[in-house]
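Chain by chain, the residues:
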Amino acid sequence: MKIKKGKLASFFGFKSQNQEEPIEKNDLPSIDKPIDFGEDAHTGRPAFTDPVIAAFIATGHVADTPEDLSESSTKTEDNRSVELEEQATVAGSFNEKVADIDLETATQEPDMDYENEEHLLVSFSKEQLALSENQLDEFMRVCPGAYGVLISTVDGHELLYLVKRDIPIHKISTMNSSLLALGESIARESSQKLCQFVILENSDGRVVSLRINDILMLTCISSKDTNLGMLLSVGRNTAGDLMKILS
Amino acid sequence: MKQIKFIFTGPPGAGKTTAIATISEFPPVSTDVFSTDGLSKLKDTTTVAMDFGQITLENGQKIGLYGTPGQRRFKFMWDILIQGGLGLIVLIDNRRPEPLKDLSMYLDNFAEFIEQTDAVIGVTCMDIKDTPTLDDYQEFLKERGQIYPAFAVDARSKDDVLFLLNTLLTCLETS
Amino acid sequence: MPQTLQLFSSQLSVSNLLTLKIFLGLTKTDRIAVWEYTDSAEAAAAVLIDTDTSEGNLQIKEWVNRKKPQVVIAFGNNNLGLPSDVLSLSRPLRSAELLAVLQQAASRFTGGSADKGRGHVPVSTQVGALAKEADTSASFVQTNRVLTVLYKDNDKVLKVIDRMGRSVIFDVGRRRYYATNLVRTEVEDLLASPLRSVQIQEMGSSELAKEIQNIKAQDSDPLLWTAALAISNGQLLPGLAPQGFYRLNRWPDLKKLGADPLHMKLAALLRSGGSIDHFSHFTKAPVESIIDFINACQVLHYLEYQQKSTPAAAPVEQKKSGDEKRGLFARIRSRLGI
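Protein chains in written order, with the numbering used here: chain X, 1 to 247; chain U, 1001 to 1175; chain G, 2001 to 2338.
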């Protein structure tokens, strides 16, 4: 798996090491074998993760244009899991390239979406992220059938995730933001309050989305090995804990 | 039966939600959430699914007015929303750095839909920034081998929105 | 010292009569003749008769037969076949054309010495090559107009000066005009004026820069469009043929130019292209209205034209789904009030 150093690394004093290279379509985050999460947990090594460091404080560090940030972009091609202290990765940057590649249009399109993760206006400390990662670890441990858990912004940018399968995190975070927003709108129109979960019940699994706070949401993906009740309960507890950590 | 609808698209902040609100018989249902990326410098919120408005005809038939998310990463929603669409209204914010490129992006991404139906272009905020001019837009379309109606509009003005729809309907009627 | 002459009119509508009296006021600054209105035909130097009425037609013939000293002016759109000593003034009543005709009437009434007494070079020589170019081509309407010159010379800067010395500068290539003492309707009138009633001078860039220093540039497209529609009278511009194939090369900004429903329809049809007959058949509009629109588009260079004979337009096949859609569109229009 390629972990790309975010362009915002420089803003946090993390040195960028390599120049950014476009990521090939086939270079999706892939793992050779499913992670034996339990082993990782017992050894204390950080679980496979693509952690995200908080981007920056908005004032004073925001680049005016995406181009201003391009010079400091980096990536590493290290496949090992990376200590948080060494990381300045913004997961969105990696997956932004994936999203770009997924699009069929060949025209050079303007920076329409302000998609660059470097612009993410969320600010978390290393401690917060470490604690959040622990929460995600715990979730995966408690729900045996879970193979993906994702913290993303309500407008579709992924921040932190743990996955055991090759799934397109960027797409899922984007689409689930739409789904959650639609769910909340439908609840309002139905004269009901506070959409709590949006549940996709599929033949061989479930995807559950719920809010963490005003700008963050949690998505839990599992097979049928975890029953729905447990998934909802653990998901809600995890979201509640994350809300305290990431407030 | 597929719902019949008009689709409003364009970059964030161009005025899609506003335009729908001027003619919808109820305030549009929106799916706006906080922006957490660079867009927040322009707008606090962004549409992540759709805006939904409606008009009801005399015979009870409902016509949907759908606004798409402006950001390209929500293209999957564009593909869903255009199902059953009568035509496309593209609103371009002339204040943006490269409005012609914006227009190009939407025309390319909705090309198949426009081919089957039609499109009209409304350029907003020309009173704030008057270049590119409408002549520039027309020249740009001409270079692409396309001819679409393009007008300066105020998305808050019901008359302007109706003018766009009127023009679109005329194009559809004569196609 | 200008002489004062009287004008009598017959068969004019109330609105045209009012307009005529207002326009006569413009002659107050004329150096040769000041015209006033009179209710007495016998006291008049000239009589203006609306020949588009049957009574007016009879009166014209009577006046000609009487061989009276009054100069006879025929006002209407069907002034063919009248004796050469009858002056012609076509509809609609416009100040520039009226003043030009009154100038001729004054000349005739006072024995043809008016022009020599002016003390300036006649208009035609000042127009020069520009007017000649317009004159040699097939006439746009029966009279060559200022608009024709602007349409032909679309890369020049032209200064147009009316009989009262008021001027407008047209930067045709940039689609702008500069006017200091003329309001928009007067500039429209000027565009519709016969060439003989104005002076046209070509300007260089430095000359232009000097003249427009404190004058705001204005968009000339609406003016040219309105003037073209007004004077088109169902006759194609020079170089265009009824059997030709017409196609838009850009959409006219009808929000700016005028949101006529027929024009919108024609713009949509012209986007695909076709013949005048085809457009007329589809829209059920008279051919003259189609031609007026085509002329207006041509003046603004929105048209591609191919001079080829096209087969007669096949009637548009109305598929059932097309009918249903048209019904739907009609209901949507009704609902939105458009």
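Since the hints were made in silico from the structure, they are not lab data.
Every residue, glycine too, gets a C-beta built ideally from N, C-alpha and C.
You may find that some hints are simply not true.
[What the hints assert, rightly or not] Chain U is faced by these chain G residues, among others (derived, beta-carbon under 10 Å):
{"hint": "1", "residue": "Tyr-2037"}
{"hint": "2", "residue": "Leu-2080"}
{"hint": "3", "residue": "Ser-2084"}
{"hint": "4", "residue": "Ala-2259"}
{"hint": "5", "residue": "Lys-2265"}
{"hint": "6", "residue": "Arg-2271"}
{"hint": "7", "residue": "Asp-2277"}
{"hint": "8", "residue": "Lys-2325"}
{"hint": "9", "residue": "Leu-2328"}
{"hint": "10", "residue": "Ser-2334"}
{"hint": "11", "residue": "Ile-2338"}
[Said to hold, decoys possible] Distance condition first, Cα-Cα at most 27 Å in a straight line; then the derived DSSO-like pairs of lysine-lysine:
{"hint": "12", "chain 1": "X", "residue 1": "Lys-126", "chain 2": "U", "residue 2": "Lys-1062"}
{"hint": "13", "chain 1": "U", "residue 1": "Lys-1041", "chain 2": "X", "residue 2": "Lys-171"}
{"hint": "14", "chain 1": "U", "residue 1": "Lys-1041", "chain 2": "U", "residue 2": "Lys-1075"}
{"hint": "15", "chain 1": "G", "residue 1": "Lys-2265", "chain 2": "G", "residue 2": "Lys-2325"}
{"hint": "16", "chain 1": "X", "residue 1": "Lys-164", "chain 2": "X", "residue 2": "Lys-126"}
{"hint": "17", "chain 1": "G", "residue 1": "Lys-2256", "chain 2": "U", "residue 2": "Lys-1158"}
{"hint": "18", "chain 1": "U", "residue 1": "Lys-1142", "chain 2": "G", "residue 2": "Lys-2308"}
{"hint": "19", "chain 1": "U", "residue 1": "Lys-1142", "chain 2": "U", "residue 2": "Lys-1062"}
{"hint": "20", "chain 1": "G", "residue 1": "Lys-2210", "chain 2": "U", "residue 2": "Lys-1142"}
{"hint": "21", "chain 1": "U", "residue 1": "Lys-1158", "chain 2": "G", "residue 2": "Lys-2216"}
{"hint": "22", "chain 1": "U", "residue 1": "Lys-1129", "chain 2": "G", "residue 2": "Lys-2159"}
{"hint": "23", "chain 1": "U", "residue 1": "Lys-1129", "chain 2": "G", "residue 2": "Lys-2256"}
{"hint": "24", "chain 1": "U", "residue 1": "Lys-1142", "chain 2": "U", "residue 2": "Lys-1129"}
{"hint": "25", "chain 1": "G", "residue 1": "Lys-2210", "chain 2": "G", "residue 2": "Lys-2284"}
{"hint": "26", "chain 1": "G", "residue 1": "Lys-2265", "chain 2": "U", "residue 2": "Lys-1158"}
{"hint": "27", "chain 1": "U", "residue 1": "Lys-1101", "chain 2": "G", "residue 2": "Lys-2256"}
{"hint": "28", "chain 1": "G", "residue 1": "Lys-2325", "chain 2": "U", "residue 2": "Lys-1062"}
{"hint": "29", "chain 1": "U", "residue 1": "Lys-1142", "chain 2": "G", "residue 2": "Lys-2152"}
{"hint": "30", "chain 1": "U", "residue 1": "Lys-1075", "chain 2": "X", "residue 2": "Lys-171"}
{"hint": "31", "chain 1": "G", "residue 1": "Lys-2256", "chain 2": "U", "residue 2": "Lys-1142"}
{"hint": "32", "chain 1": "U", "residue 1": "Lys-1142", "chain 2": "G", "residue 2": "Lys-2265"}
{"hint": "33", "chain 1": "G", "residue 1": "Lys-2325", "chain 2": "G", "residue 2": "Lys-2284"}
{"hint": "34", "chain 1": "G", "residue 1": "Lys-2067", "chain 2": "G", "residue 2": "Lys-2152"}
{"hint": "35", "chain 1": "U", "residue 1": "Lys-1142", "chain 2": "G", "residue 2": "Lys-2156"}
{"hint": "36", "chain 1": "U", "residue 1": "Lys-1158", "chain 2": "G", "residue 2": "Lys-2067"}
{"hint": "37", "chain 1": "X", "residue 1": "Lys-171", "chain 2": "U", "residue 2": "Lys-1101"}
{"hint": "38", "chain 1": "G", "residue 1": "Lys-2265", "chain 2": "U", "residue 2": "Lys-1062"}
{"hint": "39", "chain 1": "G", "residue 1": "Lys-2256", "chain 2": "G", "residue 2": "Lys-2216"}
{"hint": "40", "chain 1": "G", "residue 1": "Lys-2216", "chain 2": "G", "residue 2": "Lys-2308"}
To see whether the hints hold, each was checked on the structure:
1. Checking Tyr-2037 (chain G) against chain U by beta carbon gives a least distance of about 43 Å; that is not within 10 Å, so the hint is violated.
2. Interface restraint check for Leu-2080 (chain G): the shortest CB-CB distance to chain U comes to about 37 Å, outside 10 Å, so the restraint is violated.
3. The beta carbon of Ser-2084 (chain G) is not positioned within 10 Å of any beta carbon in chain U (closest approach about 47 Å), and the interface hint is therefore violated.
4. At about 7 Å, the closest approach between the beta carbon of Ala-2259 (chain G) and any beta carbon in chain U falls short of 10 Å, and the interface hint on this residue holds.
5. Checking Lys-2265 (chain G) against chain U: minimum C-beta separation of about 6 Å stays under 10 Å; hint holds.
6. The interface hint given for Arg-2271 (chain G) is met, as the beta carbon of that residue sits about 5 Å from the closest beta carbon of chain U, less than 10 Å.
7. Interface restraint check for Asp-2277 (chain G): the shortest CB-CB distance to chain U comes to about 16 Å, outside 10 Å, so the restraint is violated.
8. Because the beta carbon of Lys-2325 (chain G) sits about 7 Å from the nearest beta carbon in chain U, less than 10 Å, this interface hint is met.
9. About 7 Å separates the beta-carbon of Leu-2328 (chain G) from the nearest beta-carbon of chain U, less than 10 Å, and the hint is met.
10. At about 7 Å, the closest approach between the beta carbon of Ser-2334 (chain G) and any beta carbon in chain U falls short of 10 Å, and the interface hint on this residue holds.
11. Nearest Cβ of chain U to the Cβ of Ile-2338 (chain G): about 4 Å, under the 10 Å cut. The hint holds.
12. For the proposed pair Lys-126 (chain X) and Lys-1062 (chain U), the alpha carbon gap of about 52 Å is over 27 Å, so the pair is violated.
13. Simply put, Lys-1041 (chain U) and Lys-171 (chain X) have alpha-carbon atoms about 24 Å apart, close enough for the 27 Å limit, and the pair holds.
14. For the proposed pair Lys-1041 (chain U) and Lys-1075 (chain U), the alpha carbon gap of about 22 Å is at most 27 Å, so the pair holds.
15. About 16 Å separates the Cα atoms of Lys-2265 (chain G) and Lys-2325 (chain G), which keeps this hinted pair within 27 Å; it holds.
16. In summary, the hint linking Lys-164 (chain X) to Lys-126 (chain X) is supported, as the alpha carbons are separated by about 24 Å, within the 27 Å threshold.
17. Restraint check for Lys-2256 (chain G) and Lys-1158 (chain U): the C-alpha separation of about 17 Å stays at or below 27 Å, so the hint holds.
18. Among the hinted pairs, Lys-1142 (chain U) with Lys-2308 (chain G) is consistent with the structure: their alpha-carbon atoms are about 23 Å apart, no more than 27 Å.
19. Between Lys-1142 (chain U) and Lys-1062 (chain U), the direct Cα distance comes to roughly 36 Å. Violation of the 27 Å bound is thereby established for this hinted pair.
20. Between Lys-2210 (chain G) and Lys-1142 (chain U) the alpha-carbon distance is near 35 Å, which puts this suggested pair outside the 27 Å criterion.
21. Distance restraint check for Lys-1158 (chain U) and Lys-2216 (chain G): the Cα-Cα separation of roughly 31 Å exceeds the 27 Å cut-off, and the hinted pair is therefore not satisfied.
22. Only pairs whose Cα atoms come within 27 Å are accepted, and Lys-1129 (chain U) paired with Lys-2159 (chain G) is rejected, the gap being roughly 31 Å.
23. The straight-line distance between the Cα atoms of Lys-1129 (chain U) and Lys-2256 (chain G) is roughly 18 Å, inside the 27 Å bound, and the hint therefore holds.
24. Pair hint Lys-1142 (chain U) plus Lys-1129 (chain U) holds up; C-alpha atoms about 22 Å apart against a cutoff of 27 Å.
25. For the hint linking Lys-2210 (chain G) to Lys-2284 (chain G), the alpha-carbon distance of about 50 Å lies beyond 27 Å, and the restraint is violated.
26. A C-alpha spacing of about 22 Å is found between Lys-2265 (chain G) and Lys-1158 (chain U), which places the hinted pair at or below 27 Å, so the restraint holds.
27. Between Lys-1101 (chain U) and Lys-2256 (chain G), the direct Cα distance comes to roughly 24 Å. Compliance with the 27 Å bound is thereby established for this hinted pair.
28. For the hint linking Lys-2325 (chain G) to Lys-1062 (chain U), the alpha-carbon distance of about 14 Å falls within 27 Å, and the restraint holds.
29. Straight-line distance between C-alpha atoms of Lys-1142 (chain U) and Lys-2152 (chain G) comes to about 23 Å, which keeps the hinted pair within the 27 Å bound.
30. Straight-line distance between C-alpha atoms of Lys-1075 (chain U) and Lys-171 (chain X) comes to about 10 Å, which keeps the hinted pair within the 27 Å bound.
31. Restraint check for Lys-2256 (chain G) and Lys-1142 (chain U): the C-alpha separation of about 20 Å stays at or below 27 Å, so the hint holds.
32. Using a Cα cut-off of 27 Å, the hinted pair Lys-1142 (chain U) and Lys-2265 (chain G) holds, with the two alpha carbons roughly 20 Å apart.
33. For the proposed pair Lys-2325 (chain G) and Lys-2284 (chain G), the alpha carbon gap of about 19 Å is at most 27 Å, so the pair holds.
34. The hinted pair formed by Lys-2067 (chain G) and Lys-2152 (chain G) fails the criterion: a straight-line CA distance of about 42 Å is larger than 27 Å.
35. For the given pair, Lys-1142 (chain U) sits about 24 Å from Lys-2156 (chain G) by alpha-carbon distance, which is consistent with the 27 Å threshold.
36. Note on Lys-1158 (chain U) and Lys-2067 (chain G): the hinted pairing is violated, with a Cα-Cα distance of about 63 Å set against a maximum of 27 Å.
37. Annotation: proposed proximity of Lys-171 (chain X) to Lys-1101 (chain U) holds, straight-line Cα distance about 24 Å (limit 27 Å).
38. Taking the CA atoms of Lys-2265 (chain G) and Lys-1062 (chain U), the gap is near 26 Å; set against the 27 Å cutoff, the hint holds.
39. Taking the CA atoms of Lys-2256 (chain G) and Lys-2216 (chain G), the gap is about 19 Å. The hint holds against a cut of 27 Å.
40. For the suggested pair Lys-2216 (chain G) and Lys-2308 (chain G), the alpha carbons sit about 43 Å apart, so the restraint of at most 27 Å is broken.
Hints 1, 2, 3, 7, 12, 19, 20, 21, 22, 25, 34, 36, 40 from the list above are not met by this structure, while the remaining hints are.
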